[in-house]
Amino acid sequence: MSAAEASPSRSRKPVEYEVTVDHVRMDTHDTATLFLDFGDVRPDYKAGQFINIDPHQFPALGRLSAYLQEQKGRKEPQRSYSLASAPHERHVAITVKDEEFIPGLTRYPPLLSPFLVHGRLTGARLKVLGFMGPYVLPEDVETRTDHVVHLVAGSGAVPNFAILKDALHRGLKTRHTVLMSNKTWSDILYRDELEALAQQHADRVRLVHTLTRELDESRFGPDVRKGRVHQALLEELIPDRDTCLVYACGPAITPWDRRKALETRTPATPRFMETVLGHLHALGIDDKRIRRETYG
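Everything in the sequence shown is counted per the UniProt record's numbering, starting at 1 for the first residue and increasing by one.
Careful: at least some of the hints might be erroneous.
[Claimed, not checked] Pairs of lysine to aspartate or glutamate, EDC-like flavour, derived with a Cα cap of 16 Å:
#, residue 1, residue 2
1, 127, 216
2, 173, 142
3, 226, 242
4, 183, 100
5, 173, 139
6, 127, 203
7, 173, 203
8, 226, 240
9, 173, 146
10, 127, 18
11, 127, 214
12, 75, 54
13, 13, 146
For the record, the hints were derived by calculation from the structure and aren't laboratory data.
Using the sequences provided together with the hints, build the complete structure.
Below is the structure:
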């Protein structure tokens, strides 16, 4: 996941690490997971947090970075990537989606994500800044709720996958409902791993998919629904709306979308996050029970 909109954790100052890319796994045609080796250092982080990567450290990106800085009139910032790994796992992992450039819709071409996904970086050394972000389970989660609901779209699955793995590894008694929205069956991140977790922890994990562009009708069934996430589905999956905790992660209206809407005097089209939040609020779920992380 890229460009996670989350504030740095206030409990600990981020530290710069030099790490080695142990190996890279292609998850889909445009998404890869990089497994980072921190050497003898045992990284201290919480599931759901993210790291920053500065694109200026890569000479191969120098010309494109300079061009984008000239166009934007500012220095290219570091990019944020949510962790796909849980603290007990051997490597720190990030899953990166190669961002699209669509003329007329996307203002600038992506800088770092294509390089991380397709750059054949196994064995490469790079610097990362970590660990940051409040998108984590509270320490007293078991006293706050017995049901955590994960609402994710596309690469928004990344931090929630880490949170789920960590909660199950620690033996927390909370139940988890994971609702994942994707275009097609082949676009689903961690599909086999999530299915294995749901089978191993059938008493604590329910996994449901929604697919918006799947042509194979045989894919659909009780746990694979056709279309987008809608209010009736959330009503079905969240009966305990006064006590649950919701972790929502996915695309939202971008600052560029908002500027364009102002210029054209037309409302920006709601994306996954705005739509899901509207459904949750309509069901009476208090905003204090919803944690969110967006990208776009």
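We went through each hint and held it up to the structure:
1. 127 / 216: Judged against 16 Å, a Cα distance of about 43 Å means the pair is violated.
2. 173 / 142: holds (7 Å)
3. 226 / 242: violated (28 Å)
4. 183 / 100: holds (15 Å)
5. 173 / 139: holds (13 Å)
6. 127 / 203: Measuring from Cα to Cα gives roughly 41 Å; hence the hint is violated.
7. 173 / 203: holds (10 Å)
8. 226 / 240: violated (24 Å)
9. 173 / 146: holds (7 Å)
10. 127 / 18: holds (4 Å)
11. 127 / 214: violated (39 Å)
12. 75 / 54: holds (11 Å)
13. 13 / 146: Between residue 13 and residue 146 the Cα gap is close to 31 Å, so the pair fails against 16 Å, i.e. violated.
The earlier numbered hints that this structure contradicts are 1, 3, 6, 8, 11 and 13.
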